[in-house]
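J.: Quick note, the sequences are listed as chains A and B, same order.
Quick note on numbering: the working numbering labels position 191 of the first sequence as 191, and the sequence is numbered without any gaps.
Quick note on numbering: the working numbering labels position 44 of the second sequence as 44, and the sequence is numbered without any gaps.
I should point out that these hints are in silico values taken from the structure, not numbers from a laboratory.
There's no promise every hint is true.
Pairs involving identical chains hold if they fit within one copy or between any two copies, as the list cannot separate such chains.
Unchecked claim - Derived lysine-lysine pairs resembling DSS-like cross-links, with alpha carbons at most 25 Å apart:
{"id": "1", "residue 1": "Lys330", "residue 2": "Lys2"}
{"id": "2", "residue 1": "Lys175", "residue 2": "Lys118"}
{"id": "3", "residue 1": "Lys175", "residue 2": "Lys252"}
{"id": "4", "residue 1": "Lys337", "residue 2": "Lys2"}
{"id": "5", "residue 1": "Lys118", "residue 2": "Lys252"}
Number of protein chains: 2
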Amino acid sequence: MKCVGVLGGGQLARMLALAGHPLGVRLRVFDPTADAPAGAVAEHVRADWGDAGAIERFCDGLDAATLEFESVPIATARAVAARVRLAPSADALAATQDRLAEKELARRLGIETAGYAKIDRAEDIAAAWGRTGGRAVLKQRTMGYDGRGQAVVASPQDTLLAWESGGRYPSVLEKFVTFERELSLVAARSTAGETAAYPLVENVHREGMLRRTLAPAPGVQAEVAAQAASIAEHILRELDYVGVITLEFFEKEGRLLLNEIAPRVHNSGHWSIEGSQTSQFENHLRAVLGWPLGSTRPVGCSALLNIIGTLPDTTGILGLPDTHLHLYGKEPRRGRKLGHVTARADDRTTLENRIRALEQMIEGAATPRDTEGGP
Amino acid sequence: MKCVGVLGGGQLARMLALAGHPLGVRLRVFDPTADAPAGAVAEHVRADWGDAGAIERFCDGLDAATLEFESVPIATARAVAARVRLAPSADALAATQDRLAEKELARRLGIETAGYAKIDRAEDIAAAWGRTGGRAVLKQRTMGYDGRGQAVVASPQDTLLAWESGGRYPSVLEKFVTFERELSLVAARSTAGETAAYPLVENVHREGMLRRTLAPAPGVQAEVAAQAASIAEHILRELDYVGVITLEFFEKEGRLLLNEIAPRVHNSGHWSIEGSQTSQFENHLRAVLGWPLGSTRPVGCSALLNIIGTLPDTTGILGLPDTHLHLYGKEPRRGRKLGHVTARADDRTTLENRIRALEQMIEGAATPRDTEGGP
């Protein structure tokens with residue numbers, strides 16, 4: 001029996017725990033919230049991120065520690081890493097929890113990104129516009145997720161306003177990229193240096209949140225797949241990375257621009273539970289424990305749809321053939337990810353039909369009540 | 001969020017719990033043992049089967065109750081059924097936990113079994129031999145599993161000896177059947193009367209314990225599949241059964257003899273976690289809660305191998321492609337089911353190669369230490 005600690009006890013930790021039990025791996029999660037979704041299937045150390053005694057208790061007897069979200073305070077990560085092997089490392093976390101550090105890592109490795117400039121002070125804005133021009137996206141360097149801490153801006157005046165109303169956080173201004181689609185790659189590297197990658201998947205976001213993933217992404221050119229694999233290899237090696245990593249890309253005219261790095265299992269990889277030979281959750285645990293990685297080969301084709309804000313009629317969803325429901329045990333709340341549904345099929349036509357039926361059920365449920373709730 | 005109670009907290013309850021969490025179903029298990037495998041993933045009411053206060057606590061707030069082994073004391077089942085909907089019902093349990101009742105059910109429905117006679121007293125043995133003749137198997141009517149409480153006998157004298165040394169339990173004497181192979185069928189019926197069945201699978205037992213299942217069973221004739229489906233339909237209807245049921249058959253000259261009925265999810269159905277569109281565990285919960293049943297269609301072909309007595313080198317197993325490890329969190333002990341491995345493949349040839357490699361790893365590990373332990 002192995003015990004792995006996870007910083008964060010949300011749905012990602014919950015699905016890691018569900019993947020761990022059959023492998024003889026128990027999880028212990030560290031999370032300040034009482035109703036952390038992983039608490040139902042893992043031991044839960046409930047404490048604030050700075051609670052040294054709790055960190056001590058959390059680390060006691062662990063075989064390894066990992067994390068489920070990139071905004072873990074770096075001091076907590078370092079305190080854990082001083083007691084138990086943390087994978088990914090605190091350095092890898094530091095490099096990927098800050099959008100500016102991410103961009104600079106990409107530049108160092110010759111990986112193309114959108115043009116960008118940093119904004120620490122109001123005075124930086126004018127110079128930043130010199131580099132991005134036209135239309136841009138202002139993004140907080142840290143703590144952003146699901147589109148929070150981001151604003152599309154069209155002028156230096158706009159940018160100043162957004163920066164001030166957002167709280168004057170250290171930010172990056174990114175050139176607005178007109179892309180054909182968003183793709184992501186989930187890859188893993190083990191303590192032994194073994195690597196594996198799932199196929200590129202196609203993502204659709206709305207209001208900053210992932211709504212749908214198609215796995216594998218349809219019609220990926222061989223050169224694009226090769227470019228993604230090469231970028232992943234470079235980043236994994238450069239960071240001496242251990243665990244699952246996720247790279248988000250924009251696809252534009254047959255090439256990829258790196259948009260974001262998530263040092264963890266990822267929403268766009270949830271399809272792998274049913275849709276691939278080994279799930280991203282199992283592979284993350286295998287990587288962190290130094291076990292051989294499992295096959296990332298897809299089994300047929302899959303679509304993942306997120307359940308956001310409102311629970312649909314889950315009995316109706318279960319009545320559709322070949323669909324798999326995953327609820328996270330969270331109370332419904334506007335803009336909250338409550339679960340997801342994966343449809344797996346042997347061919348694309350069957351899959352498209354399932355998606356249409358599922359979208360009606362999920363979005364039909366979400367729209368009226370979301371509106372009632374108000375912002 | 002639904003809560004389902006399970007009588008018994010072994011590996012079957014554990015796998016039910018793992019299937020339940022993504023569906024928004026939490027399990028509460030009733031089990032007298034401290035280290036019940038399901039305790040890691042479900043609430044555990046630890047008490048003796050006759051503890052009325054504990055039964056009360058166990059039932060409190062449940063949406064439904066079910067069971068994971070057929071030897072649940074019938075009084076406990078009835079006490080639970082008086083408080084919450086029990087599925088399968090106490091009557092269905094009574095009919096399937098007693099080998100004689102099972103045979104009489106089969107006879108009533110015109111389902112062929114091995115010839116049999118009941119033995120309540122020593123004086124019944126001579127008459128029983130008149131009906132079975134030649135060579136027979138003496139089986140306790142209740143509480144037998146994994147070949148316990150069974151003896152192959154060749155004469156009335158043999159039978160008397162076996163019956164007396166076994167503890168003089170009410171038994172059945174069954175005609176020894178020379179069959180070509182053992183097959184089993186896992187089927188489900190929901191509270192709404194919807195039924196579904198997995199394909200017939202082929203089982204290999206050794207020392208009374210299941211060692212290997214091939215799913216689907218290779219080379220099943222259409223008439224045999226139809227016979228199995230028809231038998232299942234009759235039994236499910238006759239018992240007004242709700243939940244997953246498992247029928248074990250002998251195949252002999254193109255027809256099936258019913259050997260045993262298990263009123264529960266079954267070891268020979270574990271392959272369905274990866275090898276079919278919906279696992280037997282998920283379908284049992286769907287059936288018990290009155291939700292639509294999920295597709296029982298296999299995804300490629302699968303083999304299940306049990307890990308018995310000794311843990312093999314699990315890292316080696318994880319290093320084989322397309323294999324899935326399931327450990328139950330139990331301490332190794334001779335003759336104890338500690339886990340299983342499922343290999344899934346898109347074709348039989350690949351599967352055969354995986355099976356050979358797995359058998360070497362699993363049985364290579366088991367042999368020397370099993371012998372050391374001694375009986």
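J.: Are the hints correct? Go through all of them and say.
T.: So, going through the hints one by one against the coordinates:
| no. | hint | verdict |
| --- | --- | --- |
| 1 | Lys330 - Lys2 | between (27 Å within a copy, 13 Å between copies) |
| 2 | Lys175 - Lys118 | within (12 Å within a copy, 84 Å between copies) |
| 3 | Lys175 - Lys252 | within (14 Å within a copy, 73 Å between copies) |
| 4 | Lys337 - Lys2 | between (30 Å within a copy, 20 Å between copies) |
| 5 | Lys118 - Lys252 | within (24 Å within a copy, 77 Å between copies) |
Every hint from the earlier list agrees with this structure, and none is contradicted.
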